[in-house]
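Asks: Protein chains in written order, with the numbering used here: chain G, 11 to 352; chain X, 11 to 352; chain Z, 11 to 352; chain V, 11 to 352.
Bear in mind the hints are in silico, worked out from the structure with no lab data behind them.
Please read these numbers as outputs of a predicted model, since none were measured by experiment.
Some hints here could point you the wrong way.
No copy labels: a pair is met if it fits in one copy or bridges any two.
[As the list claims (entries may be wrong)] In silico DMTMM-like links for lysine to aspartate or glutamate, alpha-carbon gap of 25 Å or less:
1. Lys143 x Asp100
2. Lys303 x Asp323
3. Lys143 x Glu94
4. Lys320 x Glu126
5. Lys143 x Glu57
6. Lys143 x Asp283
7. Lys12 x Glu46
8. Lys16 x Asp315
4 protein chains.
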Amino acid sequence: MKLSFKNDYSEGAHPAILEALLQTNLTQQAGYVLDEYSSKAKTLIRERIAAPEAQVYFVSGGTQANLLVLGYVLRPYESIIACESAHITDSETGAIEGTGHKIHIAPSVNGKITVESIRDYATRYTNYPHQVKPRVVYITNATEVGSIYTLSELKALYQCCQDLDLLLYMDGARLAHAMNAEQNDITWEDLARYTDAFYIGGTKNGALIGEAIVFGNPFIGNGFSYYIKQKGALLAKGRLLGLQFLTLFQNDLYNQLGRHANKQMKCIKEAFDAKGVSFLSETCTNQLFPILKNEEVAKLAEDFDFYEWKKVDELHTAIRLITSWATPTENVEALIKALNRL
Amino acid sequence: MKLSFKNDYSEGAHPAILEALLQTNLTQQAGYVLDEYSSKAKTLIRERIAAPEAQVYFVSGGTQANLLVLGYVLRPYESIIACESAHITDSETGAIEGTGHKIHIAPSVNGKITVESIRDYATRYTNYPHQVKPRVVYITNATEVGSIYTLSELKALYQCCQDLDLLLYMDGARLAHAMNAEQNDITWEDLARYTDAFYIGGTKNGALIGEAIVFGNPFIGNGFSYYIKQKGALLAKGRLLGLQFLTLFQNDLYNQLGRHANKQMKCIKEAFDAKGVSFLSETCTNQLFPILKNEEVAKLAEDFDFYEWKKVDELHTAIRLITSWATPTENVEALIKALNRL
Amino acid sequence: MKLSFKNDYSEGAHPAILEALLQTNLTQQAGYVLDEYSSKAKTLIRERIAAPEAQVYFVSGGTQANLLVLGYVLRPYESIIACESAHITDSETGAIEGTGHKIHIAPSVNGKITVESIRDYATRYTNYPHQVKPRVVYITNATEVGSIYTLSELKALYQCCQDLDLLLYMDGARLAHAMNAEQNDITWEDLARYTDAFYIGGTKNGALIGEAIVFGNPFIGNGFSYYIKQKGALLAKGRLLGLQFLTLFQNDLYNQLGRHANKQMKCIKEAFDAKGVSFLSETCTNQLFPILKNEEVAKLAEDFDFYEWKKVDELHTAIRLITSWATPTENVEALIKALNRL
Amino acid sequence: MKLSFKNDYSEGAHPAILEALLQTNLTQQAGYVLDEYSSKAKTLIRERIAAPEAQVYFVSGGTQANLLVLGYVLRPYESIIACESAHITDSETGAIEGTGHKIHIAPSVNGKITVESIRDYATRYTNYPHQVKPRVVYITNATEVGSIYTLSELKALYQCCQDLDLLLYMDGARLAHAMNAEQNDITWEDLARYTDAFYIGGTKNGALIGEAIVFGNPFIGNGFSYYIKQKGALLAKGRLLGLQFLTLFQNDLYNQLGRHANKQMKCIKEAFDAKGVSFLSETCTNQLFPILKNEEVAKLAEDFDFYEWKKVDELHTAIRLITSWATPTENVEALIKALNRL
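Let's have the full structure, built from the sequences with the hints guiding it.
Replies: Following this line, the structure appears as structure tokens:
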């Protein structure tokens, strides 16, 4: 059996979550996310981001969160600006276009969108009524290539969006890893302050399923619950979502799990650094994209599971390694040992 | 704290499911329903219905299953025939219309659709190209009012659909209760034989989440996985779905849980019968719709949670009572005692 | 060659329209309904309804107008209430559901919707967020069965909509015939006053194509032009639409043509009345639904073209006869003569 | 009054079309494109392309044709490959995404897509089921920048599509100008042979409105008429479309009008060539994109109407000039004279 560094959702849930499921299992609760665990979890999240007016909704997965938020906030003729490496551009089977909206693809700079490319789209797309109207900027944090936004970058994006009458939406599938990167200088309070909406990823940080969508703005009205139900995303046993976020946001567990994943990857990165290996992107979270010789990749693949991410040239391939809340130190050591044998 | 007879998803999961989650928790598995539990569960289901070619897909909830199946099998201009009491007609926030399709509403006869009303729609909607083209008949079993289809009814519906080039789709949110009703004469093998597609409800029969969509026909092609992903319904930790269905379909647990729920309701029904209470519908599963005086309803509501389903006249109201896999005998006894005190 | 009473779009355009096309043909004009004819036509319409703030848009046909208005004003989870005989319910190939919205079907009383059925839907559909939210009431005037709304009916509907936070939208495919019926007491000014939106039908009153959508309310914003373009309804040569409405709204031509059609039908109706024939609906516009013996229908069909509308019983069928702006008196006389020979 | 070279839809219709409208005006015809003119026009088109099995449909405009064809032939999770300058990518207000489908943007080489970029997308988008499935290649001929495809290019594209299980669809808004360019070596028969579908543009070649969609393949089934109606594109007076195409395809008028527009532009191009002006693209149809000094543009704009297409650098701007079936020689001479005065 190979050890997997393929993704951060290879295991089940953090034990504290299973324990909470066991403890509460036979307690009767209201359905459809009206249970008391969901209610408490929402309060904890609002407190964490210091936004008592924020609206919080729990759904099952990241693509679902994205299509719900974007499908809901946009009028039919409005569009999204996202960068080339963004998850919505080519890893969600056209889910966003499936709701009727165009995605403008901006260049990625180490996985991140720039203020310049946003301004460029916003000024080029003004031929009313023959062109769509850009309305939302989509970013991910941590990004798909393992990098994170700095506070000053986030502020600049938000300011740019405000200037151009755009909304800023952050996909936080790996928010835990971004917020707990050593280089991170964004606080939880900043998330509500400098975005219009974001989601807190649970699936990739120890939950069985679950993402918490947060709207910091009151613009959203009360129609979002209808939309969640209409798109098949309202769980009868919403308690499953609420209880998990309650567990993750009590005692700082959510941050701890993110830190663990990052720490494990840091060890791995140091081992690659020591070997002088170069990387496809500059990372500081739980993902790493080392560029190896093809025969090294083949050798490593004998004992470990991971994605071959990109052919770099005839002789070299970038692979993707991921650690998670669950990655034990012995797996990290086994990988490092194998690396050192290459 | 009131005892709830409000629905069959008030509790968490059957203990065997939690136990399976605990046992497998740290085992690494492939994501996106490619894990080994899902694979085994699909095999068990195919065996159960004796349809080795059937395609099985796991999704999170009933509305999601319905919109996926109907959105996928229909061309844009095709429509669905369903009866008035059908879940898709007024309890899913227009999820089906949200995929672009009209639902024709046929009369309900004790919660069931009739061959006559199907023929009627199929023959009236023929003004090409000004009218939609009926293409799917949607039924639920057990129905929303607690009744079930007989084998001869199911065969007649299927034959009618075959004659009229219609597909027959069964919503099995409470299939466990239908299949384990004392009056039921439909076998699991019949489900694959006399429908084109159906889903096996997990959420209302002991799972945390989960419905198993089954296509008995090969017409479906391999595009459905794309569609599941596009609509945000593909879970990263698909293992959560697969493991639950594996547990439910081992050792006949799924049937046992359905039987338990039905048995508890049978006791309740007998108590109402003994009091001479009449019902809104003829039921034989885990739902009951007794018609009580308004003051009796108020009295009962002091200690029990349930839906007031329908005002019958100025003085009487039909309530809905539901039992589940989790309903303990003491709750049933408490309810009967309260009833006898009325 | 049979004489056709099948519909009011069997001929081309009123000669004044063709003359205007000839006169202006080689004048260069801006595209996309920014030409000067469209601009003038909009002004004439705003003056006619005494609503200087009203927004007017020209599109090609009735189904297009309906799907544009309803698709634009509704949020995804909102629905429409319309009566059973309404054009959108079963003569537009699910165009409205195709934009994602449910239509609630209310009973038809001589082709008209009632305040009671609107209240009924609005109060029944309140199970947030499991049910769609009714938001628009759709009516047609003249109706599909040839009847018209009275001013007091219209006022009552509008008041009911205001009370229930609903919008009132009038499909005016045959508005010319309604406004020029002898029994009509609604003025053009009333249309803007007692609806939120309506359209003025051109296709069935002498235009080659064209309907004028009018929003009396400012709520609509400036996004509708985007939506028209997105749905493929923005004509490059919008001048074709503008010039026709300019011609129709100069010198009262629009009303004259409606009156002509009604007058021709009145003669026909008197002939049927004289024969003691009964009708499927009470009409006062350019449609008539006489109930004839099947052999009489067959006899009439030898020389005339019309729809067999509805089998009334084994021996009788209701047919639909329609006159138009183009129906010459000799055709009316030929029909009456044939009728008297029956 | 300025002379307009802004587009090829500034005037009304070719006089022969108005004459035909006058001649047939009071003849009664069946509605919904079932009239005899439409029928004859379809026959003429089938004969012209030597494809007796081809299906022909008449609709109002180009965006409408595109969204109908693409929305109809694609399954929800399938996508389109088009080049950067393609009309559907940024001049149709997201009409295609509005039907739920992603457009992959390939590089433009003088307005044309290449086999290499198609292969690139088809091989990169294979991560089932996380990525959309490319299914249609969209091209325009003549292109948006005035160039045309050669027969060998078209054959190579079609062969590439066949190899990769893709459909090839040609947007022929300016097909008249492509087919009648001096450099053109594609025959009308080739259009049916080397595409799966295309449309013949009428609006930009002398019709008031109208495009003829042609499916050369039988795969399309009989559902397209439903879809046309559902999307609001079925004209009641379809005779307006049929009669125009009948006129255009009798006596070779369609080709004559295209040749006229091209010839007028050729004179203009020669004048620019003589002045040593360079162009934004290499053209051979009725469009020209000369690059002028900003002050020359301003000077020209005093007497002529045209688009400023693209800022080339601080001092230079490319403008777009268009001629049409209606452009008189005196306008061409006036423009050349003005040019020579610059």
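Asks: It remains to establish, for every hint, whether it holds in the given structure.
Replies: Going through the hints against the structure:
1. In this homomeric assembly, Lys143 and Asp100 come within 25 Å of each other (Cα to Cα) both inside a single copy, at 21 Å, and across copies, at 11 Å.
2. For a Cα distance limit of 25 Å, the shortest separation of Lys303 from Asp323 inside one copy, 10 Å, qualifies, whereas the shortest one across copies, 45 Å, does not.
3. Taking the shortest alpha-carbon separations for Lys143 and Glu94, both the intra-copy value of 19 Å and the inter-copy value of 18 Å come in at or below 25 Å.
4. Taking the closest pair of Cα atoms, Lys320 and Glu126 come within 25 Å of each other only across two copies (19 Å); inside a single copy the shortest separation is 27 Å, beyond that limit.
5. Taking the shortest alpha-carbon separations for Lys143 and Glu57, neither the intra-copy value of 35 Å nor the inter-copy value of 32 Å comes in at or below 25 Å.
6. For the homomeric pair Lys143 and Asp283, neither the shortest alpha-carbon distance inside one copy (45 Å) nor that between copies (38 Å) is at most 25 Å.
7. In this assembly of identical chains, Lys12 and Glu46 lie within 25 Å of each other by CA distance solely across copies; the values are 15 Å between and 41 Å within a copy.
8. Taking the shortest Cα distances, Lys16 and Asp315 sit within 25 Å of each other inside one copy (6 Å), while across copies they are farther apart (47 Å).
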